[in-house]
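**Q** Here are the chains, one letter per residue:
Protein chains: 2
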Amino acid sequence: MTQFLNADESRSELRWNPLTRNYTIIAPSRGKRPGSFIINEEIDAHLPHSEVCAFCTGNEEYTPPAILTLNKKNSDDWFVRVVPNKYPVLRIEGDLHRNNAGLYDVVSGIGAHEVVIESPNCSRQLADLEISEIELTLKAWKIRLADLKRDDRFRSIMIFKNHGSLAGATMKHSHSQIVALPERPYHLQTILNSAREHYSRKERCIFCDIVEFESNAQERIVVEDNYFTLLCPFASSFPFEMNLIPKKHLHDFSEIPDNELYACAHALRDAFIRLNKTLNFPAYNLVLMTSPPPRKKLNRPDYWGSIREDFHWHFMITPRIARSAGFEWGSGVQINPVTPEEAASFLRAIVIQPE
Amino acid sequence: MTQFLNADESRSELRWNPLTRNYTIIAPSRGKRPGSFIINEEIDAHLPHSEVCAFCTGNEEYTPPAILTLNKKNSDDWFVRVVPNKYPVLRIEGDLHRNNAGLYDVVSGIGAHEVVIESPNCSRQLADLEISEIELTLKAWKIRLADLKRDDRFRSIMIFKNHGSLAGATMKHSHSQIVALPERPYHLQTILNSAREHYSRKERCIFCDIVEFESNAQERIVVEDNYFTLLCPFASSFPFEMNLIPKKHLHDFSEIPDNELYACAHALRDAFIRLNKTLNFPAYNLVLMTSPPPRKKLNRPDYWGSIREDFHWHFMITPRIARSAGFEWGSGVQINPVTPEEAASFLRAIVIQPE
Chain A
1 MTQFLNADES RSELRWNPLT RNYTIIAPSR GKRPGSFIIN EEIDAHLPHS EVCAFCTGNE
61 EYTPPAILTL NKKNSDDWFV RVVPNKYPVL RIEGDLHRNN AGLYDVVSGI GAHEVVIESP
121 NCSRQLADLE ISEIELTLKA WKIRLADLKR DDRFRSIMIF KNHGSLAGAT MKHSHSQIVA
181 LPERPYHLQT ILNSAREHYS RKERCIFCDI VEFESNAQER IVVEDNYFTL LCPFASSFPF
241 EMNLIPKKHL HDFSEIPDNE LYACAHALRD AFIRLNKTLN FPAYNLVLMT SPPPRKKLNR
301 PDYWGSIRED FHWHFMITPR IARSAGFEWG SGVQINPVTP EEAASFLRAI VIQPE
Chain B
1 MTQFLNADES RSELRWNPLT RNYTIIAPSR GKRPGSFIIN EEIDAHLPHS EVCAFCTGNE
61 EYTPPAILTL NKKNSDDWFV RVVPNKYPVL RIEGDLHRNN AGLYDVVSGI GAHEVVIESP
121 NCSRQLADLE ISEIELTLKA WKIRLADLKR DDRFRSIMIF KNHGSLAGAT MKHSHSQIVA
181 LPERPYHLQT ILNSAREHYS RKERCIFCDI VEFESNAQER IVVEDNYFTL LCPFASSFPF
241 EMNLIPKKHL HDFSEIPDNE LYACAHALRD AFIRLNKTLN FPAYNLVLMT SPPPRKKLNR
301 PDYWGSIRED FHWHFMITPR IARSAGFEWG SGVQINPVTP EEAASFLRAI VIQPE
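Read top to bottom, the protein sequences are chains A and B.
Residue 1 is where the first sequence starts when you use my numbering, and the numbers rise one by one after that.
Residue 1 is where the second sequence starts when you use my numbering, and the numbers rise one by one after that.
Next up, chain A with everything else stripped away, as it sits in the complex:
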């Protein structure tokens, strides 16, 4: 929280997010234009300099052997390449132990940590690619997700992208990461619980309800087409945060039909271009929220049975233009100086050139 953020008389409010069960303080700085949120710092300023890009074509020897490569039509060269992370935080080999440690619990660091190299050279970022090229990254995510879900040691699979050093990237070359975990993060479990409770009371998916509610309200909608809704969430934790939600109910990204990946790539490209034009190419994080693997070993087939109905995969896109401080770390409550309605109006106004 910056202490002198709101030099005006506008009122703030607390908005409740029914999924995370948490509040955000929306504290608008009246009259601020998106330009005032542009960070005047090269987004890759903190990246370590390297003569050779280990992710570029021709340098395959610098990474472990590929798990998956995808080519463009009529090409023999890889365009997207998935490799194990050379320095993983969790490792795929070994037995999974779940131990008691007095008051605490310890689970061994078994998991997967993969890197998705999103194009063969480091001159183009994801938003610069053609839609059919972005589609290949989505296809790689889908294939790897489906494969990792078959490993019954895993309880959640995170797919995410750090773009720019302010978002935590350590390589300039456009890439994303996949981490499979032997446990379910509490934040994810909270969202799953919220979605389940909503469904069990109403027999409706909470995400479908949100899409319908927002589509009627319109004020937080950035853009909609037949397949996707791009919106700024009502209780956005960060300025210009966006969710990209498929209109068709589907719990698991790995079950998206191949013929809908192009529409998804189109919608993602649209979101990045709007973000880049509004905030002058900010650092951002992209996170895929998708249903986690069930706990098969518990032999309770019904326990996660309704996840097909109650969860709904989506992307969260968050520009990294604010710094968290003691208040946010201590409370878990974020202070957002831009109303989602205002953010949506700026993002909506961007004109997207067709490819």
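No wet-lab data here; the hints were simulated from the structure.
Hints are all accurate, no fakes.
No copy is singled out in the list; a pair is fine if it fits within one copy or between any two copies.
Dumping the calculated DMTMM-like pairs for lysine to aspartate or glutamate here, alpha-carbon to alpha-carbon at most 25 Å:
{"hint": "1", "residue 1": "K202", "residue 2": "D105"}
{"hint": "2", "residue 1": "K247", "residue 2": "D105"}
{"hint": "3", "residue 1": "K86", "residue 2": "E328"}
{"hint": "4", "residue 1": "K172", "residue 2": "E328"}
{"hint": "5", "residue 1": "K149", "residue 2": "E328"}
{"hint": "6", "residue 1": "K72", "residue 2": "E60"}
{"hint": "7", "residue 1": "K247", "residue 2": "E212"}
{"hint": "8", "residue 1": "K172", "residue 2": "E130"}
{"hint": "9", "residue 1": "K86", "residue 2": "D151"}
{"hint": "10", "residue 1": "K73", "residue 2": "E130"}
Please arrange chain B on chain A, whose structure you already have, making use of the hints.
**A** Here is chain B on its own, set in the frame of chain A:
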């Protein structure tokens, strides 16, 4: 998560925090010394430059009138001064409305936002002060907390300190902040629920259990005296994170006897000096976790009745030497490259000169 963090063969593990109900990935970088976590950047590098420090003695006109001032013995000049934040995120005036907004909830931005100026000039940081001077800041926190708890619009009161711009500070002058909220952050509610469940099953405070368990284990203890235990939590989310926990069970910082504030100031100073010597004066956040005001209006006197027994006030001290990325933001799970045992051994080895 930096992608190339762990350039070694050491194994990682997931550790469960019974209070936050979340995991941390402890992914040690073998052989790393504390020096490798020192950030080579002036901690105040990003502070806006100003000719006049609005918090220094003589410049009182630059802040709103004081809510509270405290003097040193035998002095008529203020040493600690509490003022309303000039640009608050929440405002004290107005009626509190709790509104439904379709799928969501909205609570008006009513609250308090105060600044505690911790010394009359900006040349000394909190760790540089005499113990009896630090004691005045603790006394100010206690008095303001007790006062704000009497306002039955508030559901939680956060006291925290941002030291250095990397920790979110916007002023160099040593200060802390107090925010009273009309809602309880979900993170705090989770900790309260965990403490309550532990107590209701065992009739023991979980924090007392942790202090006893850690005191027996010793490996995560930094220092203990008759009043306080300074330790690195078992599932520390961040490198060199410390908790300062009073040995005597007490739920509410505002009920600490005045004659114990000196011991508390002594323990805090000790913690800061260890942090400064180990990490070369890092940016850090300090957060006071204390029991929130009960919901008096609900007329259910028992509902929060056991908080006296089940909660236990403490400080969380977190140096800001790591950057969060998409994985951490998306999952809520932190990756900590330093084991708490190793952090404690470095912090324990620091020799503190008596005042």
